[in-house]
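There are 2 protein chains.
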Amino acid sequence: MNEHFQPVALEHASRLINHGPTVLVTSADGGRRNVMAAAWSMPVEFTPPRVAVVIDKRTCTRELVMASGAFGLCLPGAALVDLTYAVGSASGRDIDKFARHGIVAKAGPVFGVPLIESGCAAWLECRLIREPHTEDAYDTCFAEVVAAAADARIFANGHWLFRGDNLGLQTIHHLGGGNFVHAGGVLRAQPL
Amino acid sequence: MNEHFQPVALEHASRLINHGPTVLVTSADGGRRNVMAAAWSMPVEFTPPRVAVVIDKRTCTRELVMASGAFGLCLPGAALVDLTYAVGSASGRDIDKFARHGIVAKAGPVFGVPLIESGCAAWLECRLIREPHTEDAYDTCFAEVVAAAADARIFANGHWLFRGDNLGLQTIHHLGGGNFVHAGGVLRAQPL
Chain A
109 MNEHFQPVAL
119 EHASRLINHG
129 PTVLVTSADG
139 GRRNVMAAAW
149 SMPVEFTPPR
159 VAVVIDKRTC
169 TRELVMASGA
179 FGLCLPGAAL
189 VDLTYAVGSA
199 SGRDIDKFAR
209 HGIVAKAGPV
219 FGVPLIESGC
229 AAWLECRLIR
239 EPHTEDAYDT
249 CFAEVVAAAA
259 DARIFANGHW
269 LFRGDNLGLQ
279 TIHHLGGGNF
289 VHAGGVLRAQ
299 PL
Chain B
109 MNEHFQPVAL
119 EHASRLINHG
129 PTVLVTSADG
139 GRRNVMAAAW
149 SMPVEFTPPR
159 VAVVIDKRTC
169 TRELVMASGA
179 FGLCLPGAAL
189 VDLTYAVGSA
199 SGRDIDKFAR
209 HGIVAKAGPV
219 FGVPLIESGC
229 AAWLECRLIR
239 EPHTEDAYDT
249 CFAEVVAAAA
259 DARIFANGHW
269 LFRGDNLGLQ
279 TIHHLGGGNF
289 VHAGGVLRAQ
299 PL
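Chains as they are written, first to last, in the working numbering: chain A, 109 to 300; chain B, 109 to 300.
The set of hints was computed from the structure by calculation and includes no laboratory data.
Some hints could be false.
Pairs count within a copy or across copies, as identical chains cannot be separated in the list.
Here are the simulated lysine to aspartate or glutamate pairs, DMTMM-like style, with alpha carbons at most 25 Å apart [said to hold, decoys possible]:
#1 Lys214 / Glu111
#2 Lys214 / Glu243
#3 Lys165 / Asp137
#4 Lys165 / Glu119
#5 Lys214 / Glu252
#6 Lys165 / Asp247
#7 Lys165 / Glu153
Turn these sequences into a full structure, and let the hints guide you.
This is how it looks when you write it as structure tokens:
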């Protein structure tokens, strides 16, 4: 769908979120799908590649993830800062955020999770590892990365390439309240 | 110790690591103390303020944290990129990294955890919440923040202030292999 996207070796998957970017958590179950922003995620293991992400138990995404056992982590580039804030501020129970914002998704290679490439730097398709206690006590969901890919203009051969000519693809890091840091400064999200 | 440090209200503590900075994990037990770099941490709850951090079970830090039930998360500014990489590359079993690098620590207000202010943007003193399963399976340690403070030149009134005049205090985000991103570009750590 995006000609620039290339597979990322699973042993390099942790590098995609090693520096703490805000991610879009994508999910689907039956005929429903959703996307939400999450600032709280991290790798927990290199091999096998495993991650942890906080998904509030009251969210539509949590419901879809628990039902399907899978989710995607998509890394929005700086050009998507407004969209990121928008999908982090509305509930998928009320609207189909893909349709609302014209977001095109492709099906993940392993589980068919909806994944976003346009405007994103990378994605990780993940299989939930059920941990009922930490899911309940800390809203923390553990998962194993089963596939990953990145836009080769900003991540190639296992390494990030932050340069002056790829500003729009650089990862964003949420400070709170719609304020993000990226590699070149602070962006302020505007309502869509 | 650092006149610029001011207390951070606990309800704002999560904002200190919301954007995914690399942290220095500090710990002490009996007459031993240690500091290591960790790229993998995140908030998991606003109130009470709780965090998760990955601390490998083979590290000296893990041993001290389990023995003492507490640790610090100190946020190195960009000026400390070399030091951060250095303390992430050596083991506290072999040397006292505070002495080796001339790092001055103050005692945390609640548990007396060694905390670093010079060159750091902020610190969080944390009480370990024992979770033996996730500690064992994912090296993921949960904790509650019991005190926090920040250099008012870069974090004040609950908000980050990334500006041209505080580059050296801006948080750093590890890409891997000693390459970090900060708010103004990419820094390459040099061996100390």
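Evaluation of the provided hints:
With identical chains, the CA atoms of Lys214 and Glu111 are at most 25 Å apart within one copy only, with a shortest distance of 13 Å there and 53 Å across copies. Proximity of Lys214 to Glu243 under the C-alpha cut-off of 25 Å is found in neither arrangement, the shortest distances being 28 Å within a copy and 35 Å between copies. In this assembly of identical chains, Lys165 and Asp137 lie within 25 Å of each other by CA distance solely inside one copy; the values are 16 Å within and 37 Å between copies. In this homomeric assembly, Lys165 and Glu119 come within 25 Å of each other (Cα to Cα) only across copies, at 20 Å, whereas the closest approach inside a single copy is 30 Å.
Only within a single protomer do Lys214 and Glu252 lie at most 25 Å apart by alpha-carbon distance; the minimum there is 20 Å, versus 39 Å between protomers. In this assembly of identical chains, Lys165 and Asp247 lie within 25 Å of each other by CA distance both inside one copy and across copies; the values are 6 Å within and 23 Å between. For the homomeric pair Lys165 and Glu153, the shortest alpha-carbon distances inside one copy (24 Å) and between copies (12 Å) are both at most 25 Å.
Checked against the numbered hints listed earlier, the structure breaks hint 2 alone; every other hint is satisfied.
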